[in-house]
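Just so you know, the sequences run in chain order A and B. Numbering-wise (my numbering), the first sequence opens with residue 1 and increments by one. Numbering-wise (my numbering), the second sequence opens with residue 526 and increments by one.
Check each hint, because a few of them may be wrong.
Derived coverage of chain A by chain B (criterion: at least 3 residues anywhere in the stretch with Cβ under 8 angstroms from a Cβ of chain B; other residues may be distant) [said to hold, decoys possible]:
no. : stretch
1   : 65-71
2   : 506-514
If we take Cβ atoms under 10 angstroms as the criterion, some of the chain A residues that face chain B in the derived model are [claimed, not checked]:
no. : residue
3   : 81
4   : 289
5   : 325
6   : 452
7   : 456
8   : 460
9   : 493
10  : 500
11  : 502
Don't read these hints as lab results, they were simulated from the structure. For every residue, glycine included, the Cβ atom is placed at its ideal position computed from N, Cα and C.
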Amino acid sequence: MGLDRFSRYVIAFVLLTILPIGLLSTSAPAADAVSSTASESVPPANPIEQALIDIKGDDAALRSQAAAWLIEKGDASLIPKLDEIRAEADRAVRQAIKPVIDLLKNHANLTSEQADTRRSAAADLVGTGRPEAITWLEAAAVKEQVWWVKYTMEESAQLIQLRSDDHAVKLAAIKKLGELRSQNGLSALKDVVEAGTQSGATEQQRVLADSAQASIGQIDSWSWWAGSIETLFRGISLSSILLIMSLGLAIVFGLMGVINMAHGELMMVGAYATFITQQAFIAWFSPEHFDWYFPVALPVAFLSAALFGLVLEATVIRFLYGRLLETLLATWGVSLILMQAARVYFGDLTAVIAPQALRGGAQVMVGVYLPYNRIFIIILSIVCVLGIYFLLFRSNLGVRVRSVTQNRNMSACLGIPTRKVDSYTFAFASGLAGIAGWALTMVGNVDPGLGQNYIVDAFMVVVTGGVGKLAGTIWASLGIGGLNKLIEPVSGAVYGKVFILVGVILFLQWRPQGLFAAKGRNADA
Amino acid sequence: MPEQMATQQNSRETLSFYVAGFVLLVVLPLLNVLPGEDSWLYLSDFRLNQFGKFLCFAILALGLDLIWGYCGVLSMGQGVFFGFGAYCMGMYLALQIGKESVYGSELPDFMVWTQVKELPLFWYPFKSFAGALFGGILVPVLFATIFGFLAFRSRIKGVYFAIITQALAFAAWLVFNRNETRLGGTNGLTDFKQLLGYRLSDPSTQRALYIITVLALGATYLFCRWIVASRAGKVLIAIRDSESRVTFSGYTPWMFKLFVFVVAAGLAGLSGMLYVPQVGIITPAQIGVLPSLEVVIWVAVGGRGTLIGAILGAVAVNYGRSVLTNYFPEAWPFILGGLFVVVVTMFPDGLLGMIRKLTDRKKTPTPLIKAEGSTAA
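Based on the sequences and whatever the hints tell you, model everything.
Here you go:
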């Protein structure tokens, strides 16, 4: 009964986590499909032709007049013509045309199909400072459905209004920017404050400075929160990477008494399996199926790493059970061999292209941006923990593994094939390393040193967590990952690592056996 | 009977000590000086210098053998202590360059690149040779005392200790790579010109350094033998074989471990100090995780738990490396990895164990390391 209910929970959980992602990805293009407005009333050919001729002319006043006219009435269809003119014109003309082209392009891009293009167009329009852009942005914002793009449009409109000469407009813009918690407006607002606090400032400037000060306060307190949330997210993300790597290590260390220094290289095997799958898809399948390589690579990575593990167990580790330090040295040798083999065969640097669904990220609120690949790894680590929990505590194999851990001889007497359990457990843990390698291709390059970069941290997690306890590994990776990201902004990445080492040593003063120590007769084994 | 065997073994060791000492101290330098360059007996300056380097490594290996082979504590961070010693000597040598440097500045070259205007305070002691000698031993010893005190007192042992020391090596490597530690960053310290007024490029200086290294190795060997033969040495071996029993007999194992860890660190520092003037460069790449582990493999290959084995292993593995990297540069990591696997799984007693097995075939074989399970604890 218990098993039944558990599996139902797992299914429910998976559905709850996976479905919203699917929905998101399907709804995104729908939101993108803003009906592109047909260009408004086509002006008579004559004035445009005239303006195009004027802009080429020698008269500077006429040029700027033509440019202004083109900006007001023109649309994106003029860009090729303008480009043509620019290509053969002299410097002064090019300078006159450049803002025209930029504005027209960005104006056209405001109604683009891609949300990202719309957003960057809105952001770019601030730089031009043209008052016409305000109306464009406001019009686009009304129709906009993606909140983050809409936000950028409003923010950009206010930023341009801040440059206006009208006191009331300026004041409104300052207030609005504060309400929007505009990160980009910070420097402009600071300028306003500076202007207002100078000795020769007028009454109006002082009023503006005061309200700008208030807006800056609003923005700052908001960005403190946003920063904390992002730090928290980064901490959890690093923790989940550490966790996903340490799980396999913890299993072989805790349950089998083997220190597997080649664990990092088994991750590397998983990463290269992903890379090979990708290359196979590039070679044999059409580009529109390319993204499928990633799900296909999961079993490939798992199985290839598990196979390596099986061979490793059968050829090296089985001679060394019960001799921890010896397993450490022998597996280190294996890791050297695997690393060099990868270096010779694959060369130094290869990368995996992330599938479309994992590129980019979600802007959850102002100032908080969560990349999809990180979210993916967090979910994956949760799924892995659940899977291991299920396997160890809710399945037949798990019962055997745990009984062999507790008392090898007694288990053998009761008919459990201990040798088989050993090799399956080791292969499974190696497969987990393969999954970790598969996931790591999303956050970094695939290179022969992949395993080495993380292995020391992963061992820190296992040591801190205590041997043989899943909970210890989870808490330790949360602690170390979180602490790392907390310290990093203050001290830099390198000293962050040093602090973590010192922290772990001090922690072991207090708890020499790690967070969750084995108790009783097995404690000193 | 065992008493007799022990003395027999001892006298054999003494004999080989004298023979090896004679060959290293007298024969090799003479082969370098006396025969003409085309004679087959001639030992080139390069070879002699290389041999001096191997002997430095032998001192490092002796330190690790004390702590790992005799006390059963695997330290994977010996490279850090080696690095401390090497950098102390390197700083002295870098300051001796003086006006001869590329930029003609009193400061070492890398400080000129990184826009350091004044000599950092911690460099001042290394203006004098005595300061460098003192620092090269004192810094690793002090560091090992603090680190070892924290680690051993809280009874971090076995693999836990190995992993922590490996993390130490990793952290040290990261820190030494930084420019703001003012130790030359990734490029390390190099381009040395003179030591106490003698030109380092001069073959006779290198010969003298070689002879000093041999003498230091001899002294280290005698020192280690003295420790191992003393009562404390017996306790060390007892800790290796069963730590709990030692505790129950009323000893405090962690004090002994700390002592031997500090001694090993001091020896590593000494080895680093001798290494730098002979090789002429020290970079963070020589003190990281992998170099620290290579020390372990030297000792394992030679035969842990025997002092001769450590020396033999260091020289043999390094000689093999220098030959093989010449012919098959890409194969060396395969061979090193293979050595780890093969030695650990098949020849836990190393080269010396194999030699003993062959020569002692008539007598009952005496394994050097008995209870394997208990060393792991």
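Violated hints, by number in ascending order, as checked against the structure
1, 3 and 4
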